[in-house]
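Chemist: The chain contents come next:
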Amino acid sequence: MRYLPTAPSEDRALLDAIGVDQAEDLLQGIPARLRLGRELDLPGHQSEQEVLQLLSAMASRNTAFRARFLGAGAYDHFVPAAVDQMISRQEWFTAYTPYQPEISQGTLQHIFEYQTLMCDLTGQEVGNASLYDGGSACVEAALMAVRLQKKRKTILISAGLHPLYQECLCTNITPHEGLKLVQVGLKDGVTDLADLAAKLDGEVAAVLVGYPNFLGCVEDLQAISSAAHAAGALAVAVTQEALAFGWLEAPGKVGADMACGEAMAFGNKLNYGGPYLGFLAVRDAHKRELPGRVVGQTRDLDGQVGYVLTLTAREQHIRRDKATSNICSNEGLVALRANIFLQLAGPEGLQGLAAQNAAKAQYLQARLLELPDFTARFTAPFFNEFVTQYKGDVKALQAECAKAGILAGLDLTPYAADLKNCILWCATELNSREQVEALVEVLARVPSLVG
Amino acid sequence: MYPSDLKYTKNHEFIRDLGNGTAVVGITSYAQEALGDVVFVDLPEVGASFAAGAEFGTVESVKTVSEIFMPAAGEVLEVNADLESHPEYVNEDAFGKGWMIKVKLAGPLGSDLLDAAGYEKLVSEESH
Amino acid sequence: MTTTRTRESLIFDRSVPGKVGMDLPRLDVPAAKDTRPAHLKRSGFDALPSVSEVDVIRHFTRLSHGNYGVDDGMYPLGSCTMKHNPRLNEKVASLPGFTDSHPMAADADVQGNLEVLYTLQEWLKEITGLPAVTLQPCAGAHGELTGVMLIRQYHLSKGAKRRVILLPDSAHGTNPATAAMAGYEVVVVASQADGTVSFEDVTGADGKVQKGLTSLLAELGQEVAGIMVTNPNTLGIFEHRIGEIAEAVHRVGALLYMDGANMNAMVGVARPGDFGVDVMHLNLHKTFSTPHGGGGPGSGPVACGKALEPFLPRPVVVRETAGEGEGRVPRHRYRMDWDRPESIGKVQAFNGNFGIVVRALAYCLSHGGDGLKAATLRAIVNANYIRKELAGIYHLEYPTPTLHEVILDDSYLAPYDVHTLDVAKGLIDRGFHPPTIYFPAIVHGALMIEPTESESKEEMDAFIAAMKDIAREAAERPEALHQAPVRVGMRRLDETAAARKPVLRWTRPQA
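Residue numbers (our numbering), protein chains in the order written: chain B, 1 to 451; chain H, 1001 to 1128; chain G, 2001 to 2511.
Calculated from the structure, these hints are not laboratory results. Among the hints, a few may not be true.
[Said to hold, decoys possible] As a list, the in silico EDC-like pairs of lysine to aspartate or glutamate whose alpha-carbon atoms are at most 20 Å apart:
(1) K2388(G) / D25(B)
(2) K322(B) / D1005(H)
(3) K2501(G) / D1005(H)
(4) K153(B) / D188(B)
(5) K395(B) / D2337(G)
(6) K2211(G) / D1037(H)
(7) K1104(H) / D1005(H)
Whole structure, please, built from the sequences with the hints as guidance.
Modeler: Here you go:
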């Protein structure tokens, strides 16, 4: 067994040193009647070659699309070779949580830089080392807002938030007696400001709004934040496609008190939904209620600048049932990927990539709207995702695309009555003009239901 | 060893009766020693009222957080604003510039509070 | 890691306007029309650096020198199970078939992924002895929260609203934090000196009586939703009365949650489902070798009994009738079942940390049932070897049999004013990552050592020699240990200053 350092002479030497005949003699700590009296009913050990073959075969049973036009919280972006190469260094990926700071300065300094960059992107002052994903980031943001607001127990969530984030919120807020989640409706694909005003009362701790929202629409975050503040509520921007920060103003600069969401866009592949990268960044005045790990700068005994985990009194290992969260392990290595990616991109790269994404999406939309069965569903500006109304059956369209090796946009029919046969399309820098033309060609062949 | 003009609780808070129906509350020098370097003190808002024995705040060191409890019932009149930027005052001078809150007492101090000698005895028993 | 390093500055200090680390592809479509409202246009960045690829590679390479990893040597953190991270696992997780699959693609297009999820679930069912598994939680704490929410939903489905979760004071901090996040009140059960749950009341040295399980269940009865037990507990000791704990809580209609962080002592040897556990979590990044990544990503699957299965997060992977396949391998069809009316909902937006699940499956397939059991036995042998060699030099807190980890403490060094922290820093200077220190808190000056099965006798002997050397130095030159570490390019850091005046990001120096 290649991972175990067993060898007859070594095994014997260890057992002799301990003073037992066989390893099983050391199991007296487990009462015999509680032990499994048989071998595990599982296949026997296998070589690297065999395991690789088995798993490669499984991987090959996934459809390999040649073009993808699906986003909806998981974005297909280019991953620079340097990201994959760098994180494969054992010092990065095998290391534990940096509890012994003297031998974890690599991880600690990287997190400090990453926190800095997430604050820069979001226009906030304090960020944490990461959360699990966009869905759980919304949960942590909502719970933090309630802690800050003490007596206010209602959380308003725009119907434009990702439906799966909304479900995470529901699952995690429901166990808290007295906390209420109230949905604010949409009008033409963005939060209905009249409905928001009607629901903003003295009970509201925070308003969560997508930026851009699930339908790809850019919300007027400033207007929403002002409305929230006027009612004494906190404004929380939820960004599921973090590349949008290369195109849209930082949420903190247009009134958001907290910015959270999903940053898998930075240096990660789709990976069937995980591991991803939840983020949360807040105002300095609120930092003591921030969940998750936080790294701070300090000096060592020689006066050298160094980094440590700090504000740890908020966390579970000290505060226990009064902790800001139970989170311990987070998405450390994914944050490292994002950090490396962002540093490679820099301001020019990030804005350039974002501009390309916007260009590709606009081009895709323009070409789709030339087809008789497609109309634009909303009028709001969009970043790299938008919705079209389709006159035919979306399932049939998706099947046609799949036959041609194309992963089409998301069928929105299940999500709302007024989204029947609507499709959420995404285009990124990875979608070439040829791919768009190939898609349009396939769609043009689908029997039209118009005229 | 411990100021004789103060009264003490078993949880290592002190209370200084100012004689005019108000008092100053904080934690003792023994408490700050046990906590280590104080990094943050979370105090209530002016106007908040607490019963005797109720938790009114927390003291954080790098590795621990301790709740602080009211030695007597009262309403918060003043909070030591210096502690926000100088939490180390609690370590340097727990009974003096490390004071935490000033309260309007709801009634006379309880008889369960310890005097300096009683507190000293408690501390010597606890350190064994 | 290397022990000599010149200090690597922050990347921001290296930024020079005009430098780029990324070239963009040629835009093959018209440039975007700017549809952004004026006030929502990106106005720029204050910190994002302008550096070249060379700068970035050098930066992260040099930073990495400041990290000690599992490939450097023994990393004996108790209850963290820092075993070897097989490279095969990294390779399979990078297969394009997996990395390029979209979480919202149709089931028909991700049959390989569903098979991965289903297969690991089946392995975990056999290992835990529990019939249902979810792979959606992303870490141990996340799994705990999921498990406790399952308990909550179970009671609600019976029309009951129970308000209390019991747990021993030896519990890991995530346990009470989890209970609070799930809306429960935490009541601490007395533990014996060895950290195991006490049925009887325990009178402490201060005369205070802490209630044991029997009185708490008698007093609280149907208010108790469940008890959270770590097994083996945080001191590495098996809860030998766990069968009775299960019976006692079941009698009041409550459930038994097991924190499976220490499962490395039990795989193939004992199964929680067999001794009354109703729901538990596992840590794939501990027991199942997936890498720690400097703080994640992990994965915290939850396994549970039939009674809790309806409440599992959705969707749930199901396997449908076996189809025709090539060769002798039956080809099944897999499906994500969203029709789960009693589900608690979702704890992660998609399907959990799939990339970590793939690695764990590779680990399981590589070891096989026989290898998994062999790993457990070797982990136990290794911990006992270290115990044998160090007991007497360090104080052994508990004479009870050691499983996969051993707890020592610093009391023999007290006469020299040398403490656990100094021992840890002394180990750093001798080229080792320290064990877990000061946890669990019920042991004063705890040093919790978990070698795992990956360590050879040679590696352990080097660690043992270092520990003996430290004990000797404590007696001869304690001041050297107080100053440690001195050999790794960073001295002890001022954590007080970091907390008093937090500096949590770089900001551009004012002109």
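Chemist: Each hint needs a verdict: does it hold in this structure or not?
Modeler: Against the structure, the hints come out as follows:
1. K2388(G) / D25(B): Status holds; Cα separation ~15 Å.
2. K322(B) / D1005(H): 35 Å, violated
3. K2501(G) / D1005(H): Not OK: K2501(G) and D1005(H) at ~34 Å, beyond 20 Å, violated.
4. K153(B) / D188(B): 29 Å, violated
5. K395(B) / D2337(G): Between K395(B) and D2337(G) the Cα gap is close to 18 Å, so the pair holds against 20 Å.
6. K2211(G) / D1037(H): Distance of about 33 Å is beyond 20 Å: violated.
7. K1104(H) / D1005(H): Holds, at roughly 18 Å.
In the structure shown, a violation is registered for the earlier hints numbered 2, 3, 4, 6, in ascending order.
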